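S.K.: From first to last, the protein sequence lines are chains G and E. Under UniProt numbering, the first residue of the first sequence carries the number 1, and numbering increases by one thereafter. Under UniProt numbering, the first residue of the second sequence carries the number 1, and numbering increases by one thereafter.
These aren't lab readings, by the way, just hints derived from the structure by calculation. If you're wondering where the values come from, they're calculated on a predicted model, not measured in any experiment. C-beta: ideal position from N, C-alpha, C; glycine also. Everything hinted at is true.
Partial selection, computed: residues in chain E whose CB lies under 7 Å from chain G: (1) Leu42; (2) Ile45; (3) Ala49; (4) Gln61.
Single-letter residue listing:
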Amino acid sequence: MTTLEHADIRRILPHRHPVLLVDRVLDLEPGVRIVATKTVTGSEPCYAGLDENLQGSAYAYPSSLLVESFGQTGAVLWLYSAATSGERREGTLIFGSARDVTITGSAYPGDVLRHTVEIDQLIGDNAFMRGETWVGDRRIATLGSVLAVVREELAAGTGS
Amino acid sequence: MSEAREKHLDELREIVAEVLEVEPEEITETGSFVEEHEADSLRAIEILARIEKKYKIDIPQSELPRMENLKAVHDVVATQAGWQD
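Chain E extracted, bound-state conformation (with noise of 0.2 Å):
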């Protein structure tokens, strides 16, 4: 795992962690945030905002449906920001 992708990864987890209200270490890359954490659509907006203000860029809405893990959330937002991890 490259050290920019470990960074960003840890950047997104604590943003997770602090909506979901969890330790950030309860969050792994592929625990769902419905299933195991009980996100509904108003954490998952939340989730959205925070990461658009933190990296300063725009996600689609059309985009939430799949940003239903840290590691999909990764993906999304790599594009959007055109992160080489």
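The following block holds chain G by itself, in its conformation from the complex (with noise of 0.2 Å):
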């Protein structure tokens, strides 16, 4: 069973602070499948500025983020993958898309995130997964496929 802390996940992900949205992993099975963390709290960049009179569900971590940390824990699975096949991928890793997500539920300033990825499908410098996140007992989002990408060129003007 391998385990990851965040000094291991920095050295993994490109992203930083406040945008490096995995805290630990719990366990990983190198090209098949990753168990990961993420504690939202409430001094989370998204909560700041909010009205003071807002109501409790204002505070439901933004499925764009979770959306975002779950494609962050894939690329963990899938560079840390690489890397120990001694496979290089150089260049800038993208979030590539995001379909068939279901929201089944929200997350709240407290609760930890805990998704579960698996590889579905890599092709050269592109990774499909698909996974679930949890928080405690209960799934919060399905993610039928989401596609992670790394790109060496990535000239203005020439599209994503």
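Since each chain sits alone in its own frame, please combine them into the complex, following the hints.
M.R.: Structure, rendered in structure tokens:
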């Protein structure tokens, strides 16, 4: 069983505060599956400047960030697996797309998101992943297909 | 047009339409994915991935630039999958 702490994650992902949205890897099976956590706190930038009189539901963790956190978790699995098998992935890591995403619950400050991600298909510098996000024993999201890519050339005007 | 070819074109049209988020009828054989449906390289790789999965084949990424419309996609896949359409 492979576990990774935050310092390890920072060596794998190029993301940094405040957009590095993976805290700890609980388990990682190279090329197959990863389980990682992201703790949601009240000091997240997404809660800054909210009106004082909002109801509790206003503090639901944004689904866009949840999907990003899921994608980063998948990227840890992909890039760690590539590195352990001696492959080089050089270039800029990009979130490609998310399809078949179903949000069935919410997370709030104090909750721990637990992403379970599997690699579905690898094509060169493109990784298709799928999985679920849990808070405790509640599944709050199912992600059918999330695409992460690494691109060398990002010249302006050439499209994504 | 052979029945097999028609069936394959329909299957491919379905995949392309789903990725490009348009109705299957909007995908014509020679209509450019990029010019008519604003496809980009990410959509292209999604189309390729779904085709590889469905037909259990490997398509070299070097074929991607050729796969600019439905007819071209069919030609590439036919070669890789050994279709006699």
